[in-house]
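J.: In order, the protein sequences belong to chains R and Z.
At position 178 of the first sequence the residue is numbered 168 (my numbering), and the sequence of numbers has no breaks.
At position 268 of the second sequence the residue is numbered 258 (my numbering), and the sequence of numbers has no breaks.
Certain hints may be false.
The list treats identical chains as interchangeable, and a pair is accepted whether it falls inside one copy or across any two copies.
35 Å max Cα-Cα, derived DSBU-like pairs, lysine-lysine [said to hold, decoys possible]: (1) Lys243 x Lys182; (2) Lys243 x Lys268; (3) Lys175 x Lys247.
Since the hints were made in silico from the structure, they are not lab data.
There are 2 protein chains.
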Amino acid sequence: MKPSIAQKRIEGVLAPVITPFRKDYSPDPDRFVRHCQWLMRSGCAGLAVFGTNSEANSMSVEEKLELLDALATGGVAAGALMPGTGHCALSDSVKMTREAVRMGCGGVLMLPPFYYKGVSDEGLFRNFSEVIERVGDERLRLYLYHIPPVSNVPIPLELIERLLERYPGTVAGVKDSSGDWSNTKAMLDRFKDRSFDIFAGSEVFLLDNMRSGGRGCITATGNVNPAAIDHVYRNWRGPEADRLQAGITATRKIVQKQPMISALKAITAHFGNDPQWKTVRPPLVELTSEQERQLISDLQGAGFSMPGLRG
Amino acid sequence: MKPSIAQKRIEGVLAPVITPFRKDYSPDPDRFVRHCQWLMRSGCAGLAVFGTNSEANSMSVEEKLELLDALATGGVAAGALMPGTGHCALSDSVKMTREAVRMGCGGVLMLPPFYYKGVSDEGLFRNFSEVIERVGDERLRLYLYHIPPVSNVPIPLELIERLLERYPGTVAGVKDSSGDWSNTKAMLDRFKDRSFDIFAGSEVFLLDNMRSGGRGCITATGNVNPAAIDHVYRNWRGPEADRLQAGITATRKIVQKQPMISALKAITAHFGNDPQWKTVRPPLVELTSEQERQLISDLQGAGFSMPGLRG
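With these hints in hand, go ahead and build the complete structure from the sequences.
T.: Here is the structure:
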């Protein structure tokens, strides 16, 4: 084990950063770094690169490591990064996690292995445990990624309890993308005073999460609306909190009327005047022109903007 | 495009070969080659290495390529191989498929990208199409892998139709692991006389599949019961076919009372007198000793054996 470095944990609003692809579907490091820099300037406390909204699982480990390198070269602070490093293959998870820790990333956000369904808690425990033991570095801050609507493999509270018991300090928190507030609340109640940081998986639950002891949110729409979401985070104790929350919830509802990832890319393409952003890797597809027109029109009608996005 | 080499297509019984791991979970090429050789001696017409029962998605691309190399070095005929090459990441699928074709594999068995759920036929078409175009080799024989109970991403008949229309000769068939005979029958009816080879995903449907124009089966229990299953395949037109089918179905039912992959490994460990075979990678877990005792006892009671397995 390398010596622990007491680093302040990431709190606030994180974006699961969308990944720009060129026409040939290759990842575009320059656009990626620029978008990350804009997010950090615009209210994000951290960047959950390689999340679901990043099309992370549509990329190879090598492609993701190249993008991480580009961020380092591009001067994005590693301490603000919480890359997704969980794969179906234990060997891939170890490789990505080790590299993230070596770079000094503030944390890693880890999916369970998601090919086999109905697996046991024991099997999932062994997966996370093997990654932690093999990386063998006290700097590792592991955030569990609970997203059963997509992964189809949940991370039950009993499993979290067991991991937290065995690896306190290393198992640092969770992103709850179940979409089920009662599950987030159950985590908040059960793991309070355990140094276990709970992030809502959508800004719709940001205020509720903060009021119940959570640490922020890691949210798709953080890619396009970071300033307003951060404003709720910074003012959650204030008299305007409910009104501010209603505003970001309204924007979220507009965006999620369309397929989320393609919508985020269409918004970034439109407000950044950069159409290449629209490209998604198979098996995803871009919005139709009608979906795109509706989305942009709805957002403009609500006074939405992305200040400072155009170069 | 390299010139097409008229190679006889694989027909008959294929095993999705279980992958041996050492105590530290590293793949064991020597045990793997020995098991593949035993399967080819014992009735298998081909080897669907890197299938669901191979824990393929629990391994990195590099680990799988090393095992493929070991098969080539070990003298297993490449023409009999149908490796699984479908991944969530397009780049991984292209890399594995290209390597399989370069080695002269008889085919590849391709999962759809399985992280995102509810994706469109257009998105799945683009995925398979990109792989075919990028590999760009007329020797490619692509078998689609339909296994919605695990992948949670089905391959609908309309998508097969479109792929077959665009890539005749390359899109060569399907493994139907839906467990739903009516789906297999619908494929058989719709794609007859189209050079589209349909393999049942379980030997339970072998006789039905052969009688309806199918080409064999790719089945988990092919790992442990290849001779008897091959015997049904070779005698499907004969007067004893129904009785023979009942025999292999009975064996299957015994095995699938336990979690399949761990059961196959426990059987191989027991009848090959090689306990290291029991190791599975997380998130899977080995059978409990009680499950194992029950399984072996049931099989012995039914007169099951694995002739020639012990070195």
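J.: Which of the numbered hints above does this structure break?
T.: none
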